[in-house]
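Residue strings, one per chain:
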Amino acid sequence: EDQVTQSPEALRLQEGESSSLNCSYTVSGLRGLFWYRQDPGKGPEFLFTLYSAGEEKEKERLKATLTKKESFLHITAPKPEDSATYLCVVGADKLIFGTGTRLQVFP
Amino acid sequence: SAVISQKPSRDICQRGTSLTIQCQVDSQVTMMFWYRQQPGQSLTLIATANQGSEATYESGFVIDKFPISRPNLTFSTLTVSNMSPEDSSIYLCSAPGSTGSGPEETQYFGPGTRLLVL
Numbered sequence: 001e002d003q004v005t006q007s008p009e010a011l012r013l014q015e016g017e018s019s020s021l022n023c024s025y026t027v028s029g030l031r032g033l034f035w036y037r038q039d040p041g042k043g044p045e046f047l048f049t050l051y052s053a054g055e056e057k058e059k060e061r062l063k064a065t066l067t068k069k070e071s072f073l074h075i076t077a078p079k080p081e082d083s084a085t086y087l088c089v090v091g092a093d094k095l096i097f098g099t100g101t102r103l104q105v106f107p
Numbered sequence: 001s002a003v004i005s006q007k008p009s010r011d012i013c014q015r016g017t018s019l020t021i022q023c024q025v026d027s028q029v030t031m032m033f034w035y036r037q038q039p040g041q042s043l044t045l046i047a048t049a050n051q052g053s054e055a056t057y058e059s060g061f062v063i064d065k066f067p068i069s070r071p072n073l074t075f076s077t078l079t080v081s082n083m084s085p086e087d088s089s090i091y092l093c094s095a096p097g098s099t100g101s102g103p104e105e106t107q108y109f110g111p112g113t114r115l116l117v118l
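Chains as they are written, first to last, in our numbering: chain F, 1 to 107; chain W, 1 to 118.
Think of the hints as simulated: they come from the structure by calculation, not from any bench. Glycine included, each C-beta is placed from N, C-alpha and C at the ideal position. There could be a bad hint or two in this list.
[Unchecked claim] Heads up, simulated BS3-like pairs for lysine-lysine below, C-alpha to C-alpha not over 27 Å straight-line: (1) F:Lys94 / W:Lys65; (2) F:Lys94 / F:Lys68; (3) F:Lys94 / F:Lys57; (4) W:Lys65 / F:Lys42; (5) W:Lys7 / F:Lys42; (6) W:Lys7 / F:Lys94; (7) F:Lys79 / F:Lys57; (8) F:Lys79 / F:Lys42; (9) F:Lys63 / F:Lys94; (10) F:Lys57 / F:Lys42; (11) F:Lys94 / F:Lys69; (12) F:Lys42 / F:Lys94.
[To be verified] Sample of chain W residues lacking proximity to chain F, with all beta carbon distances greater than 12 Å (derived): (13) Arg15; (14) Gly16; (15) Thr17; (16) Ser18; (17) Thr20; (18) Asp26; (19) Ser27; (20) Thr30; (21) Phe66; (22) Pro71; (23) Asn72; (24) Thr74; (25) Thr77; (26) Thr79; (27) Asn82; (28) Leu118.
[Said to hold, decoys possible] Which bits of chain F does chain W cover? Going by a derived footprint, with three or more residues having C-beta under 8 Å, they are: (29) 40-48; (30) 92-101.
Make a model of the complete structure from these sequences and hints.
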């Protein structure tokens, strides 16, 4: 059965404290892995698409990496405005959504 | 990218009434999607709306409860019928679009409609 698992469920960081979010997946026929940011009460905002193992994408303080079984979203020196829920979505026959990691960054 | 707007942004409705949510995309797309996100949960696909054909509903969702229209390639509506408090949720529409990096595509989401049913 296709499955996407994100960990941790919630993460509290001090401003400047780098960390990583994990997305483990089991799907047949991966067509792409997507990372989104979602602020409370708003729709998901697209961050990255990764297609093949070894691929990396960067945007400001965020860097996404992909292996055959998991993806990491690395956050370097986070700021309070990075606080949000980060969703991992895997594209197979259909989109499979992870449950997200709620990130809180404190000043 | 695709810019997606939704109306209304939020509403409070009485039990037993219906609400129609509108979704507008800034480019022509073949497929549009409707999702529900219940409090603290991730997104659940309700149905796929293709222009010119009946919407395809996921398991647990039926046309009588969530009728969908798709009159053209940039617009769709979702109606939540005979509402109950269990329908309180955020409803999101989405459509595919280019990421701007070559042929890459992804799903873009509207800002959502927050529905509270009393």
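* **Hints violated by the structure (listed by number, smallest first)** => Violated hints: none; all satisfied.
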